[in-house]
Structures are given as structure tokens and as C-alpha cells.
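A.B. asks: Please build the complete structure, drawing on both the sequences and the hints.
Just so you know, the protein sequences line up as chains A and B, in that order. Its first residue numbered 1, the first sequence is counted upward by one per residue in the numbering used here. Its first residue numbered 1, the second sequence is counted upward by one per residue in the numbering used here.
Hint data in this document are derived by calculation from the structure and do not stem from the laboratory. All of these numbers come straight from a predicted model, not from anything done at the bench. There are no misleading hints in this set.
Covered stretches of chain A, going by a simulated chain B footprint (3 or more residues, C-beta under 8 Å):
| no. | region |
| --- | --- |
| 1 | 51 to 58 |
| 2 | 61 to 67 |
| 3 | 100 to 106 |
Note that beta-carbon positions come from the ideal geometry of N, C-alpha and C, so glycine has one too.
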Amino acid sequence: MGPRRNEINTLDNTTLRSSPLFISSPVEFLLSPRRIVLKMQQGEGSETQVTWEDQQNINKFGRLNNRYHELEEEIKVAKEANENLEDASNELILSDEDVLRFQIGEVFAHVPSEEVESRLEKMKEDAAKELQRLEEEKESVLAQMAELKKILYGKFKDSINLEED
Amino acid sequence: MEISPSASTAGVTERRGIPGASFVEDVETYLKQSGLDVNSSLGFLQERLQQYRVVEMKLLAQQRDLQAKIPDIEKCLDVVAMLEAKKTAGEALITDFEVAEGIYSRSKVEDNDSVCLWLGANVMLEYSLEEAKSLLDKNLENAKASLEVLVGDLQFLRDQVTITQVTVARVYNWDVHQRRTKQAVKEPES
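C.D. replies: Written out as C-alpha cells, the structure reads:
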């Protein structure tokens, strides 16, 4: 019984450019397992202070970004499940058998076709609800991220980069 | 899943063995207080990041395991429910099960009173249907609760990583800024 889910990416390495310190160089590091780069660039000598509130906003943005990518994966899986159930119910309409083999756990139980039909309907309903729930969560996450972007760009302008590669 | 706000204060010390990253209000004061020069402090912070990475790998592995376990338990519950339904209906359950890869055999399961549950470590116990159901329910609950705690840990860990990375950037930038101002002061003189 090995892991069945897709592998979750890990944090990439922090890159600290070791160029001579007299030349301003952007210090890049990856804010999340995905490709967001939080670049704190040396401005023209003006040093914007980072307050605890800013830090909390950055943290929250990181968490939201992670959650967003997790949701993308989950939505993909949920969509597949929905499609499979659709295909199954189409097959069911085409078939004319009385007793079908319905998978429960690891075995296929012999189930009369009416029961299969009602079970399938219920599963389709649940899957559709799940997909909708995930989509809604994704919308909310994106909205929150947009809010935070406004705030953080407002304060740090060019010194921060919250986009994905 | 709710994204909980960063509930940690600026001085949270640790959570379940994960050292907390203390937020630096002002880089200069931080360096003076720690008594380290820029390079040593950057080194220390990098070390911290490495430690966090190690813990993260461990937590991610645990999360993967739990995420695989939960659907398994749910499948078992389905089977037990099916057996219960058949028992109340008084019918026998006919199933096709896998004997070897690609080879299935038919079985007729009568008198569904008990099931055997695999407990791990080569141990299998026989339970009545109700006992089996409550055991599986309990396992499922525990697994879900552990997963929640784990996710919380991961979020905390990632926050600490972010704080540390931002601190690294600020120390570095402060240093560049210092050298620049020193240079600017020197230039008019030379």
C-alpha cells in the first residue's frame, strides 16, 4: 500500500547571489513550493521597513498561494471523478443486464441494476457538490490573494515580486 | 479548508518541536543584539532554513501517508455497510474478487455476522459487524484529526520559513545599503 497521490513538490533552494556586495543585487528566494519569487530588491538607497503586519501579510499570501496550488490539484482529481461517473452512467443506460458488478472497496459485488442506478446517481451528486465546493474555495483564495497583492505592492512597490514564473 | 490568519505573535517560540523564527523589527538592532556580523548572521539563518527543510520533508511524507490511508478506511466502511445491508435483507452477497492480477473469482458470502480486519503488523482480528464499523469509524476520525494537526504544523512551518527568508533578504540589503552609504561618504573625500 504505497502512496497514491501525486507527489507534492518541496521547497526549492534559497538562492543568495554571491556577487560583490558593492553592486546591488536582488536577493531571490522562493516563497512557496511553486514558482512565486519574493524579490527584495535594493532600491535607490531607500530602505522600506518591514513591519510585523507586513510579515504577516506576506505569510498569509504564501499560505494562500500554497492552498491555491493544492486546490488546483484537487479540482483536477474531482473533475476526473465526475467524468468517470458520467461515463459509468452512460454505459449503464446502454447496457441491458439485470445484475451488474459494482465495485465496493476492492471487490465487485453483484448488484441489481436499479440499485446500481440509484447508487450512481448519489455518487454523481456528491461528486458534483464536492467539485463546486472546491471551485468556490478557489475563487475565495484568489480574491484574498488579489487583496493582499494590492496591499503589499502598495507598500513595497518594486521591492517585492509576487508573481509566478 | 480555512486559511487561518497568522495567529503567532512576534515572539512565538516553537510548535511541536519546530523552532519559531523571531521576527526582526529593525535589522540594525537585531545585529547589535545578537553580536554577530552580517555573514555569521546570514549563515545562522541559512542553517535554520536547512533545518526547516528537513522537518518539512518529514511532515510532507506523513501527510502523504495519511492522505492515502483515509480513502482506504472509507472503502472498508463501504464494504461493512454493504454486508450489513445484505444481512438485514437476508440475502447472500455474491462478489467477484481478485485472486491474482487480472484473475477474479466469484464468491458467495452468507451469514454475514462478522468480518476480519487487518490491523497491521501481520495481525488480523475478527469483529462483529457493529464492532468493525465502530472501530473503522474511530480510525477514520483519528486519521482525519491527525491530518488536520499535520496541516496546521505545515502552515506554521512555512510561515517560519517565510519569516526567515525575509529576514535574510533584509539583512543582506541592509548590508548592501551600509556599504553603499560608506562608499558615498568616501567618494567626496577622495
